[in-house]
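Undergrad: One letter stands for each residue in the lines below.
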Amino acid sequence: LGLSSFQRVPLWKWIGSAAYVVLASVAAAVVARAVHGDDPNWMDANGGNLRRITRHPNIDATPTWSPAGNQIAFTSDRSGSPQIYVVDADGLGQPQRITSDDSWADRATWSPAPFNEIAYAARNGPGFDIKIRDMTTGQSHFLTNGEGSNESPAFSPTGRHIAFASTRLGNQQIFVVGRDGNGLRQVTKEGNNYTPNWSR
Amino acid sequence: MPRHRFTVLFLAIALAAGGAGSACKKKSPPIARPTPPPPPDDMTANRPPAPPEPVTEAPPVAVPPEPSVSSADMGSLDEINKKGILAPVFFEFDSAEMSSEGQAVLAKNAETMKQYPTWVVSVEGHCDERGTAEYNLALGERRALSVRQYLVSLGIAAERLRTVSYGKEFPFDPGHSETSWSRNRRANFVVTAK
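Protein sequences, first through last, are from chains A and B.
Residue numbers for the first sequence follow my numbering, so the first one is 433 and each next one is one higher.
Residue numbers for the second sequence follow my numbering, so the first one is 4 and each next one is one higher.
With the rest of the complex left out, here is chain A:
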């Protein structure tokens, strides 16, 4: 795809039935590219299939698909500090900022259906905590509570569990917890481990 090496987690998604699209961050801008199918909605004016989703000069990074694939959430520091924004997947609308309670809100991951939640890393002290925002009600709550620094949340394919990286026991390790905050389990124990993701 000619994408930067730092897009570690490919964000593939079928959009309808005619386009298989990968979402990425390139040079700190969010882009999407259809790599399969012939949906004309994913063709650009030149017949290409690369769509630039964000065009702001500041940093836009870590995009995630909404469950239906019609929206994209991402992190941007366009307001002066990194915060989470949502934009229509056609890239034409104005991004809407959805976080404001945290000095740093970053690395959103949107749940699969039937849930409609965004988990993200929020900083209000020395480290990050995982926070979950219900996109239907607009209400947010903390999933972790100040033990170490907690980041890189990843919803399981069912949406019922969240994996994340935490320094709560020293080195950075991967943990899994239920979406209600119960049933915390440590997954890795050796070395340092980052950016978990689930098989499908």
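It is possible that some hints are incorrect.
As the list claims (entries may be wrong) - Straight-line alpha carbon distances no greater than 25 angstroms define the calculated SDA-like cross-link-like pairs of lysine to any residue that follow: (1) B/K111 to B/G158; (2) A/K621 to B/F173; (3) A/K621 to B/R133; (4) A/K621 to B/E172.
Hints in this document: simulated from the structure, not taken from any laboratory.
Following the hints, put chain B in place on chain A, whose structure we already have.
TA: Chain B in isolation, oriented as in the chain A frame:
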């Protein structure tokens, strides 16, 4: 949660870790290369003042272009990089904008690269530990690209400059103070071919 779900997740993480490990082996981890200390100020301060030079009108002379120099006798790439000939550029928190000091450093680096026209240089973007791993990779890339763009504007061929972001993963200073963070917010230079 069923046990097989954990097994699947663990395998996914293990595979990812294995891939990252092999990727790291391909590119050597950055090495902190401290800049040689400048000569003490008092080396010249204690010297008696030089007698005044007689004033002569020098005819204007055209300055010849800087001759290119071979780096064949400068040792291996590791030895060149350990000398810290290309100085790092530092950034403010969550910023990829270059300061006037950074621009001055890049002007010197550009002159050095013009002296050694066969050098190919990797510009590494680094960040302090305060952002998330993923955001810092984007920020580090933005810093490296910013430096690359400025060097190109100074006449360095773009194909001699490669960029990579290490985010917060290879801090030069492992501390957790502003002093440490300021040292880690940098673009670092590594000569990869000579």
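Undergrad: Which of the listed hints are broken here?
TA: No numbers; nothing is violated.
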